[in-house]
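A.B. asks: So the chains spell out like this:
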Amino acid sequence: MTLLTGWGRTAPTRATVARPRTAEEAAALVAKAGGRGVVARGLGRAYGDAAQNAGGLVLDCTALEPWWRLEPGGLVTASAGTSLHDLMTALVPRGWFVPVTPGTRYVTVGGAVAADVHGKNHHVDSSLGAHLRSLRLLTADGSTRALGPRDDLFWATVGGMGLTGVITEATFQCVPVETAWMRVDVERTRDLDETLDTMTASDAGHRYTVAWIDLLARGGRMGRGVLTRGDHAAPGDLPARARRDPLAFAPRPLLAAPPRVPGGLLNRATVRAFNAAWFGKAPAAPRRIVQGIAPFFHPLDGVDGWNRMYGPRGFVQYQFVVPFEAVDTLRRVVERLSGDGVVSFLAVLKRFGEGTPGMLSFPMPGWTLALDIPAGRSGLAAMLTEFDEWVAGAGGRVYLAKDSRMSAATAAATYPRLPEWREIRRRADPDGVFVSDLARRLRLC
Amino acid sequence: MRNALGSVDTVLLLGGRSEIGLAIVERLVRRGARRVVLAARGAVVPVEDVERLGAEVHVLDFDAARPETHTALIEEAVARVGDLDVVIPAFGVLGSQAVYDADPVAAARDVAVNFGGHVSVGLAAARRLREQGHGTLVVLSSVAGVRVRKANFVYGSAKAGLDGFAQGLGDALHGSGARVVVVRPGFVIGRMTRGMTPAPMSVTAAEVADAVVAALDTRKGTVWVPARLRPAFAVMRLLPRPLWRRLPR
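Note that the protein sequences, when read in sequence, are chains V and R. 186 is the number of the first residue of the first sequence in our numbering; add one for each residue after it. 104 is the number of the first residue of the second sequence in our numbering; add one for each residue after it.
Errors might be hidden in some of the hints.
[To be verified] Reference excerpt, derived from the structure (chain R facing chain V, CB under 10 Å, subset only):
no.	residue
1	Asn-106
2	Gly-109
3	Ser-110
4	Gly-135
5	Glu-234
6	Gly-236
7	Ala-275
8	Gly-278
9	Thr-321
10	Thr-325
Since the hints were made in silico from the structure, they are not lab data. Yeah, the Cβ is synthetic: ideal placement off N, Cα and C, and Gly gets one too.
Taking the hints into account, I'd like the entire structure generated from these sequences.
C.D. replies: See the structure below:
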């Protein structure tokens, strides 16, 4: 019996946690899951309650034997419990890079598929589902099904938050790289308009783009940010020292957050100072730098357990997308956050390209903004509920893998393919064996 | 399910006409609760008032004096709305000490409701919360039970028993995902105390409800309403008995 939370460390619930080492052991556990059902959990990086199952069974899939297989053309098959960290550490020195990486390497392959994760290349490469060739899914009847993009159940599983079964392995196409380095253009923007305009104008020229915006800056500087646009570097781009072994890749966390941090450490003053320092660190004039894969894609992985910095009450992450034509909704949200002085550091702004056919997949063409807010702030619930209304009204949605507080009504309104997904899920899992706190809270199933 | 910011989906109120209970329900519904069970004797409850706030309301017949029905009642509530996020036993009777002095049977009957009823409901609810791995039981204790006064010692002793029960239950549930919030209001001005002169530091049902809802957002196990009753009672607990028994009320 263990109390589990997501990465945001809010709303703990108790579950029995089992650690299957093989797909067979997982099947045996699913077969006797009991009335409160079962859900798979990976590295616990979903911010909310996606990998919690109150009163039921949670399969800790990090116990599944990690293995992967690389075929000559860059096709990779990996067990669901393999982390992207392990995969990158193995694949990059061989000249391959995962097709999509979220902001952390510490997610499992199974979790990445279940959330249909996206990265800084979404505007050109879409999300992980677009690169998946096949999946193996352990379903409620105890069988393991091989699924491909022509199966309904495949697209109910990609982005399906683990509610169709336990993903046991996935096959996806990797991209060739010549080095473990990125060629990055860094540029400051003065305000939100410049941030939006610069991103719109220059997105197409780079494979990876993202902007960090300072939500504590007000007035004429509201929405100021640091824009980074990168591409995989060629050996010729590297400094002489790195050229000797251009594919060397062995990142490690540099620091660890203390095990216990009091609440209130990340307050308006400290975050304002941090944001100002981050902004000040970026070059005033656009500059090209060469940066390792880890600091470019996963800066927060440099601090082990950074989520503890929010103290015992934890934090919520709010990530939404609105269609490009609804950019005014994005502006309203930024204005409100900035006007209210909401404590949020590293708000991340990104342009999405095409989505995948995943029925509960989050990305759609448009602007996406992700921000972290300490959970204790008064008025936060009402403010985010208001944002939900704006986002839903604009035809957008909130990311299930980040959500910890949206209402069932909002989920139903913003994921219009939910009925279709339910029908496919019902055929695969008629007794509702797979369930999570997220599913209960949002009445997904 | 309770969400990250303390909003819940389902609420079970036992004693569905209780002013404090309904005030808590009203606040929880305003903050997002969508399914409410109101349980009361004769199933007479203000359904429309809760529905108007946007919740789906289920009504169950409930008699606090019949503990043999309490487990079935909790099961029926679960059958209606699923997991119970917040359970509020808010039933109770406040008789006058003079009446109890003259009618020991009435006193025993009221204690059976004010204490015994809460024990059976509390245990039945706790079993369910433990099974589901989450949920909050709100126990409405009283400062009357923190140190019992001669002016209402029958009522006060039942509350003292309830307070002890609730603390023990809260400790027993620690680590289960479920928890107990013990609420210790002072004199509550309302229907139950109509005609009585309010004591110092008295509160309204709305104030009690505000404090309870605020506590749901935190990990607090005990709530004093108003909060300054806590230091006040830290002192009053230490008063020598000769002094305590001279208190006018």
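A.B. asks: Among the hints numbered above, which are violated by the structure, and what are their numbers in rising order?
C.D. replies: The structure breaks hints 7, 10; every other hint is satisfied.
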